[in-house]
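Peer 1: Make the full structure from the sequences, and use the hints.
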Amino acid sequence: MKGWGVFVLPLCLFCSLANGQASFRVELGKDGETIADMRPVFLKFETGPLPAISPAEVARRYQRLFNTTDEPAVRVDALNRLTNIRDRSGENIGFTPAEEAEVYQQAIQSYESILQRGAFGGRLDELLYQMAKAYALTGQNDASAKRLQQLVGLYPESPLVPEARFRIAESAFAAGNYVEAEAGYRELVDGKGDAGELENKARYMLGWTLFKQGPQAWERAGRRFVAVLDESLPDAGSLDEVPESSVDSIDDTLRILALMASRRSGADTLINWLQPEDRTLLRPWTPLVFDRLADLYAVQGNAEASVATNRAFVEAFPEHPQRAAFMGQVVDVLNGAGKPDKARIAMGDYISLFARQGDFGSLEPIYRKKWREFSRFLADFHYSEGSSDTDTPKRHFAIAAEYYEGLASRSDDAGEFFRLAGDAWLQVAQVEEPSRALRNFRKAGYDVPQYEHRADAAWAAVALVRAEISGEVAASEYGSGLEDLAAEADRFTEHYASDPRGPGLLADLAGRWLEAGNNNHALGYAARAVKHPQATPETRYAGWVVTANVRGNRAEYGLSERALRETLELTSGPSATDAMKHEASNHRLQLATAIYRQGEQAAASGQTAIAVAHFQRIETVLPGSSTAIKGRFDAANTLLRASEWQPAIKELDRFRTDYPRDALTPEISEKLVWAYTSSGQPALAARELMSMANNPGGRPSQGQERIWGYRLRAAELFHTAEAYEQRNALYGNYLATGSVAIDADEHIRLQTMRHRLIETGSDAARWRAELVSAELESSWHSEQTLQWAARGSLVMGAEAAAEFAGIMLSIPLETSLERKQLAMEKAQTHFRNAESLGGSVVLPESMFRRAELHRTMARDLMASTAPVELNELEQMQYRMLLEEEAYPFEERAIALHSDNHQRITTGGFNVWIEKSLGVLVELHPGRYERPLRWMSIPTEASDDA
Amino acid sequence: MHEQKYVCLPALKTWAFCCALSASLLLGGCAAKPMATPEHPDPAALSPADVAALNNQALRLKEQNRYREAAVLLETGLQSSPDVAELHYNLGVISELYLLDLDRALRHYRRYQELWSGEDKKITGWIADLERRLD
Numbered sequence: 000m001k002g003w004g005v006f007v008l009p010l011c012l013f014c015s016l017a018n019g020q021a022s023f024r025v026e027l028g029k030d031g032e033t034i035a036d037m038r039p040v041f042l043k044f045e046t047g048p049l050p051a052i053s054p055a056e057v058a059r060r061y062q063r064l065f066n067t068t069d070e071p072a073v074r075v076d077a078l079n080r081l082t083n084i085r086d087r088s089g090e091n092i093g094f095t096p097a098e099e100a101e102v103y104q105q106a107i108q109s110y111e112s113i114l115q116r117g118a119f120g121g122r123l124d125e126l127l128y129q130m131a132k133a134y135a136l137t138g139q140n141d142a143s144a145k146r147l148q149q150l151v152g153l154y155p156e157s158p159l160v161p162e163a164r165f166r167i168a169e170s171a172f173a174a175g176n177y178v179e180a181e182a183g184y185r186e187l188v189d190g191k192g193d194a195g196e197l198e199n200k201a202r203y204m205l206g207w208t209l210f211k212q213g214p215q216a217w218e219r220a221g222r223r224f225v226a227v228l229d230e231s232l233p234d235a236g237s238l239d240e241v242p243e244s245s246v247d248s249i250d251d252t253l254r255i256l257a258l259m260a261s262r263r264s265g266a267d268t269l270i271n272w273l274q275p276e277d278r279t280l281l282r283p284w285t286p287l288v289f290d291r292l293a294d295l296y297a298v299q300g301n302a303e304a305s306v307a308t309n310r311a312f313v314e315a316f317p318e319h320p321q322r323a324a325f326m327g328q329v330v331d332v333l334n335g336a337g338k339p340d341k342a343r344i345a346m347g348d349y350i351s352l353f354a355r356q357g358d359f360g361s362l363e364p365i366y367r368k369k370w371r372e373f374s375r376f377l378a379d380f381h382y383s384e385g386s387s388d389t390d391t392p393k394r395h396f397a398i399a400a401e402y403y404e405g406l407a408s409r410s411d412d413a414g415e416f417f418r419l420a421g422d423a424w425l426q427v428a429q430v431e432e433p434s435r436a437l438r439n440f441r442k443a444g445y446d447v448p449q450y451e452h453r454a455d456a457a458w459a460a461v462a463l464v465r466a467e468i469s470g471e472v473a474a475s476e477y478g479s480g481l482e483d484l485a486a487e488a489d490r491f492t493e494h495y496a497s498d499p500r501g502p503g504l505l506a507d508l509a510g511r512w513l514e515a516g517n518n519n520h521a522l523g524y525a526a527r528a529v530k531h532p533q534a535t536p537e538t539r540y541a542g543w544v545v546t547a548n549v550r551g552n553r554a555e556y557g558l559s560e561r562a563l564r565e566t567l568e569l570t571s572g573p574s575a576t577d578a579m580k581h582e583a584s585n586h587r588l589q590l591a592t593a594i595y596r597q598g599e600q601a602a603a604s605g606q607t608a609i610a611v612a613h614f615q616r617i618e619t620v621l622p623g624s625s626t627a628i629k630g631r632f633d634a635a636n637t638l639l640r641a642s643e644w645q646p647a648i649k650e651l652d653r654f655r656t657d658y659p660r661d662a663l664t665p666e667i668s669e670k671l672v673w674a675y676t677s678s679g680q681p682a683l684a685a686r687e688l689m690s691m692a693n694n695p696g697g698r699p700s701q702g703q704e705r706i707w708g709y710r711l712r713a714a715e716l717f718h719t720a721e722a723y724e725q726r727n728a729l730y731g732n733y734l735a736t737g738s739v740a741i742d743a744d745e746h747i748r749l750q751t752m753r754h755r756l757i758e759t760g761s762d763a764a765r766w767r768a769e770l771v772s773a774e775l776e777s778s779w780h781s782e783q784t785l786q787w788a789a790r791g792s793l794v795m796g797a798e799a800a801a802e803f804a805g806i807m808l809s810i811p812l813e814t815s816l817e818r819k820q821l822a823m824e825k826a827q828t829h830f831r832n833a834e835s836l837g838g839s840v841v842l843p844e845s846m847f848r849r850a851e852l853h854r855t856m857a858r859d860l861m862a863s864t865a866p867v868e869l870n871e872l873e874q875m876q877y878r879m880l881l882e883e884e885a886y887p888f889e890e891r892a893i894a895l896h897s898d899n900h901q902r903i904t905t906g907g908f909n910v911w912i913e914k915s916l917g918v919l920v921e922l923h924p925g926r927y928e929r930p931l932r933w934m935s936i937p938t939e940a941s942d943d944a
Numbered sequence: 000m001h002e003q004k005y006v007c008l009p010a011l012k013t014w015a016f017c018c019a020l021s022a023s024l025l026l027g028g029c030a031a032k033p034m035a036t037p038e039h040p041d042p043a044a045l046s047p048a049d050v051a052a053l054n055n056q057a058l059r060l061k062e063q064n065r066y067r068e069a070a071v072l073l074e075t076g077l078q079s080s081p082d083v084a085e086l087h088y089n090l091g092v093i094s095e096l097y098l099l100d101l102d103r104a105l106r107h108y109r110r111y112q113e114l115w116s117g118e119d120k121k122i123t124g125w126i127a128d129l130e131r132r133l134d
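Protein chains in written order, with numbering that gives the first Met the number 0: chain B, 0 to 944; chain R, 0 to 134.
The hints are simulated quantities; they were obtained by calculation from the structure and are not laboratory data.
These numbers come from a predicted model, not from an experiment.
A couple of the hints might just be wrong.
List of simulated lysine-lysine pairs, DSBU-like, C-alpha gap at most 35 angstroms [to be verified]:
| # | chain 1 | residue 1 | chain 2 | residue 2 |
| --- | --- | --- | --- | --- |
| 1 | R | K120 | B | K914 |
| 2 | R | K121 | B | K914 |
| 3 | B | K393 | B | K338 |
Peer 2: Put into structure tokens, the structure is as follows:
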């Protein structure tokens, strides 16, 4: 049967040979097809030791004695000795079989002769024994038994009785008289006498006699055989010291026990026969009988029963050191029976049985090896199943991972198994957690120095953490973060500094730190990536990109520029990838931005020249770009902020020339206006504004309001530049548009224009009249506009007063007087307007002028000539009437001057009050003419000095 | 108009005193009186020359439209020289025309009349006018 050799237990335990001894033995037959055909094995009967001379020489001498003597007793004795020598030495003593039969026949004759003569001088029991032996040797068993029975009956105390009884029982067994044989054997086993060495042989044969009696006697047979084994193998040491003569019988005993058990209840029967054995006091041969039973089942093709027997042993004796062998046999039997599924289960049981390190450590090397073989087989099997089984891949991968982990700790190739375990856990981790995979990869990568592929395993750990962070696998129980990946990367690069994957990892990590907003870490890893001796151009490129970004984030734009230049150099190098080349334009844009930022920083710190240089050199990096244009624009702005007006003006002009259509260009004019204004060139600023007003340029939507805005600003600048002609022209044009103030500012602006036109224009009266009129009509006023208007009214009043004074009262008086009164009214209206507009500021002058109007009227009335056609009396009457008409005017004049004089206590003294007082002195000297008196200082006769 | 054409040492002393007095009046107000110190002699000790200088200084202040200061200075002069008729006259004019203090003007015109040797009819007219206006 295939694999039969595997089932053979180490029977070498029984193979220690007995010392060489002479024996004579009786062959009782061999096994047949049925129980009736079965026979026990040979039984050897040992005697005393051989002489210390050559057995052949001794045999030759006894043979010559046997042939030469006629004395029966001598011949019998010689024959006995010859036989003894042959049996004990195992040597041929010179008789052929035929000669031997003849010799014993002659010996029988000698025995019978001696017996008949009754003259035998020796012991008769021995003679009977020898006769029985001779009969047996010559095939006369009945005669032999008869002599033996005589011996037992006549000499029960003879030391030859046990052997005689044994041979009698054997004879009965050989004759099929098993009950008789049982009785004979039992007498030896259970009798009072000492059967000596024959007792156990009798016990063995007793078992056989019971076995031969059929299944009804097997219960007793089993127990007898158990007793045989207990006697033969009493302790563990006896297994190593089994006499050669007992090997066969012990083996046969085991065989027959297994046979009987197999035909009853298998392992249960064995256990029953072994009872009441204390299981903690295990018989040394118990594994042998279970093994024989399992083997028997296997040979019979009953794999399930064989497996059950093996498992029964393990279950019954869970701590037995041989349980590994039994569990191993389970796997072998199932494999041999073509039941791989059950074989794998058995392998798993085997592995589990020795999962604990203590149990595994107690195994013999061969069984440890088997444990590893089973683990590897199952690990590979489940990994393969996981790869192909779409229903429960996790379960298979997890099982495989567990087996690989177990192997890793119990194998010289721990690294590989840790890596495989990690890989299997990783497969599981695609839907669960990767922490176990990570642990295994780390062990393979760092804890097994001799592992050839430890760098790959360590890299797998890195890849796993990275995948977890990226969400490519489920998050582990620890929830790996970027710090964990960094730690993993640090560990990898520290242990495998020359690994070419290191720099790429560092660059990747740098990018992740950058994305996470940790500039310090990003910069550190980027620097390590760039400086790594194994760094590829692509890796250095990635490192420089991160460096540039970090420097930019930190506003270290100079360093960012350097990194970007390194980046661009790599993108133009021979090793540049398509992706790198594709990004080159973006990096150039970043470079331009970095330079621009440097310009901003320099400008902010007041380094104008440096800032301008940065702004202007952007064109060398990215000519025509929006950044470059903005740089040029801000170069001019920087100069403006630094109040470097002329360079700023030059730069602004250059910008407008270079980029006439740029969106920033329309802003140039305003900046130029500012620069011109700030640099004391208001006329140029005004011209720029006029240009803005006249040339829409980039301001197509500007309306009249906007245009006039520019013009009015220009007018203001012309005013500053004292370019009054240009200013007045703009004011005139604007006022000519009929602009009406809609708010206070506009009113003030319009009044300001009029005021300035009055001051410098040629049509002052017109603008003065408009100014006064606008102020009187306006709801908004300022102190200044009020004063301007008040002053204007006074001027207008004065002009009207002059006109009034110029009207001569002549004949006809009514006409001239009417004109004069109208003129006076007009002047008074202006003066009252002035008072309402200017208040106390203009009131003294206004009151003075109004008073003077009345005094003038009174004087002119008095001075008017009477019509010549009147006679003297009439003329006198006419003059009296004039005086009456003039008097109220004079009184009014005095009253107004007096009121003006009274204001001295509230408004203080001023020139107009002084003038009124002067007039009052003239008009009313009695009250107002008060000359002060100076005193002369007398000269003293003697000077103290 | 009576202008001073020459200046003697006592006049200089009075002028310096008047300047200091004017300054103190400006700073301390009209009611304040100067303290007698070596630099600012007690008005009681003014000599006639000093009184004349003070009067003229008061008139110069009036020319500068500094009427209140002029009146204060004249009052000061009157403290030491209450019987100097010119001081009363000038103080009356300044009070009437420039301070519009008619009562005060009337009082000093009357005192002037008392001190003046012989009646000044023009002044009598002024007093009558004032009395009428005050009634």
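Peer 1: If a hint holds in the structure, say so; if it doesn't, say that too.
Peer 2: Status of the hints after comparison with the structure:
1. K120(R) <-> K914(B): holds, 27 angstroms
2. K121(R) <-> K914(B): With Cα atoms ~24 angstroms apart, K121(R) and K914(B) stay inside 35 angstroms; holds.
3. K393(B) <-> K338(B): holds, 25 angstroms
The structure shown violates none of the earlier numbered hints.
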